[in-house]
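> Generate coordinates for the entire structure from the input sequences, incorporating the hints supplied.
Position in the sequence shown (from 1) plus 925 gives the number in our numbering.
Be a bit skeptical, because a hint or two may be false.
Computed Cβ-Cβ distance ranges for the label pairs, DEER-style [said to hold, decoys possible]:
no., residue 1, residue 2, range
1, GLN980, GLN1015, 24 to 34 Å
2, GLN1171, GLU994, 43 to 53 Å
3, GLU969, GLU1079, 38 to 48 Å
4, ASP1198, LEU940, 50 to 60 Å
5, LYS955, PRO1007, 38 to 48 Å
6, GLU983, LYS1030, 55 to 65 Å
7, GLN1171, THR1107, 35 to 45 Å
8, MET1195, ILE1153, 36 to 46 Å
9, ASP1037, VAL1074, 57 to 67 Å
10, LYS1070, ASP1137, 41 to 51 Å
11, LEU940, PRO1007, 27 to 37 Å
Result set (BS3-like, lysine-lysine): computed pairs, CA atoms no more than 25 Å apart in a straight line [what the hints assert, rightly or not]:
no., residue 1, residue 2
12, LYS943, LYS1070
13, LYS955, LYS1165
14, LYS1165, LYS1191
15, LYS955, LYS981
16, LYS981, LYS935
17, LYS1202, LYS1142
18, LYS1165, LYS1202
19, LYS981, LYS1165
20, LYS986, LYS950
21, LYS943, LYS1030
22, LYS1202, LYS986
23, LYS950, LYS1204
24, LYS1010, LYS1030
25, LYS1078, LYS1197
26, LYS1142, LYS986
27, LYS986, LYS943
Quick caveat, the hints were computed from the structure, so don't treat them as lab data. The beta-carbon is built from N, C-alpha and C at its ideal position, and this holds for glycine as well.
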Amino acid sequence: MIQSMTGFGKATMQLPTKKITVEIKSLNSKGLDLNTRMPSVYREMELGLRNLLSQKLERGKIDFSLYIEITGEETSSKINVPIVKGYINQMKAVIPNADETELMKMAVRMPDALKTERDEIDENEWKQIQTVIDEAIANIAQFRKDEGVALEKEFLHRIANIMTLMNSAVSYDAERVETVKTRLRSALDELKENVDENRFEQELIFYLEKYDITEEKVRLENHLNYFIETLAGTEANGRKLGFITQEMGREINTMGSKSNHSEMQKLVVMMKDELEKIKEQVLNVL
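Okay, here's the thing in structure tokens:
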């Protein structure tokens, strides 16, 4: 079953002092274009995370976001006690009778009065975050599968349309042969020349062989069936489907150039329109 490259997955978890939110968005792309956003404290885990995402999601323009919302009493900033005491002592030397409370207020506003300690990754906390990441990946994978079901229905509908149009075009083949015979016979009659009927038939056969679309019809039918077969495959097959549509396009174009019949040409144009709609959607297939 095919999957779409377009998808969205989100998961959240509430920890004692933090709310963890993971969002993953995916759009179509020729390869894997991965962008990650996360707090700097978790940057050392980014390489493993990127490997996980590339393994699970394979292709697409993927935006991964990890949000940490502090919901409890937690801070990495602390008072730099020696610096603050030093500021207070200096100000006391300048203003001996100053109020201690006022001096404290002034001291904590001075440079380096607060120090920010670098957080270390809590292994247990990261395991919980990984659980949220796995859930978000599972959600986007399901989204892609659901989109793939809709794409498959669209493809089967378009393929059936092309098959019907192709058979309709072929049904004009006998009429086209008679039209060509009549036109050539009329041209000869206007010349008022006697012709060898056997030679005329030979030349007519040679002429019609150049416009015969039997081979194109057989190849196009094979490509249509191969496209349907590939849709039912279990592996990622967006690129293969793209190659098959290119081959389908070649056969349809050749049929158009050989048709030499107004109604057949109209049907060929309709087949091209259906194929273009398929090509547009194939770009979204994983």
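> If a hint holds in the structure, say so; if it does not, say that too.
Hints and how they fare:
1. Evaluation of the 24 to 34 Å hint for GLN980 and GLN1015 yields a failure: the beta carbon distance comes to about 59 Å.
2. As the Cβ distance of GLN1171 to GLU994 is approximately 49 Å, the hint placing it in 43 to 53 Å holds.
3. At roughly 44 Å, the beta carbons of GLU969 and GLU1079 sit within the given window of 38 to 48 Å.
4. Under the hint 50 to 60 Å, the C-beta atoms of ASP1198 and LEU940, about 54 Å apart, fit the expected range.
5. Take LYS955 and PRO1007: their Cβ atoms lie about 58 Å apart, and the range 38 to 48 Å is violated.
6. Between GLU983 and LYS1030, the C-beta spacing of about 58 Å keeps the proposed range 55 to 65 Å intact.
7. Restraint check, GLN1171 to THR1107: a C-beta distance of roughly 38 Å satisfies the suggested window 35 to 45 Å.
8. For MET1195 and ILE1153, the hinted distance range of 36 to 46 Å is not satisfied, since their beta carbons lie about 20 Å from each other.
9. For ASP1037 and VAL1074, the hinted distance range of 57 to 67 Å is satisfied, since their beta carbons lie about 60 Å from each other.
10. Between LYS1070 and ASP1137 the beta carbons are some 44 Å apart, a value that agrees with the proposed interval 41 to 51 Å.
11. LEU940 and PRO1007 have their C-beta atoms about 33 Å apart, which keeps the hinted 27 to 37 Å range intact.
12. Proximity of LYS943 to LYS1070 is assessed by CA-CA distance (about 32 Å); at most 25 Å being required, the pair is judged violated.
13. Our distance criterion of 25 Å between C-alpha atoms is met by LYS955 and LYS1165, whose separation comes to about 12 Å.
14. Using a Cα cut-off of 25 Å, the hinted pair LYS1165 and LYS1191 is violated, with the two alpha carbons roughly 29 Å apart.
15. A threshold of 25 Å between alpha carbons decides the hint, and for LYS955 with LYS981 the separation of about 16 Å falls inside it, so the pair holds.
16. Simply put, LYS981 and LYS935 have alpha-carbon atoms about 15 Å apart, close enough for the 25 Å limit, and the pair holds.
17. Proposed proximity of LYS1202 and LYS1142 is supported: the alpha carbons are some 20 Å apart, at most 25 Å.
18. Using a Cα cut-off of 25 Å, the hinted pair LYS1165 and LYS1202 holds, with the two alpha carbons roughly 17 Å apart.
19. For the hint linking LYS981 to LYS1165, the alpha-carbon distance of about 20 Å falls within 25 Å, and the restraint holds.
20. A C-alpha spacing of about 8 Å is found between LYS986 and LYS950, which places the hinted pair at or below 25 Å, so the restraint holds.
21. Distance restraint check for LYS943 and LYS1030: the Cα-Cα separation of roughly 30 Å exceeds the 25 Å cut-off, and the hinted pair is therefore not satisfied.
22. At roughly 22 Å between alpha-carbon atoms, LYS1202 and LYS986 fall within 25 Å of each other, so this suggested pair holds.
23. Of the pairs offered as hints, the one joining LYS950 and LYS1204 holds, with about 23 Å between alpha carbons and a cut-off of 25 Å not exceeded.
24. Annotation: proposed proximity of LYS1010 to LYS1030 holds, straight-line Cα distance about 12 Å (limit 25 Å).
25. For the suggested pair LYS1078 and LYS1197, the alpha carbons sit about 19 Å apart, so the restraint of at most 25 Å is met.
26. A C-alpha spacing of about 38 Å is found between LYS1142 and LYS986, which places the hinted pair above 25 Å, so the restraint is violated.
27. Using a Cα cut-off of 25 Å, the hinted pair LYS986 and LYS943 is violated, with the two alpha carbons roughly 29 Å apart.
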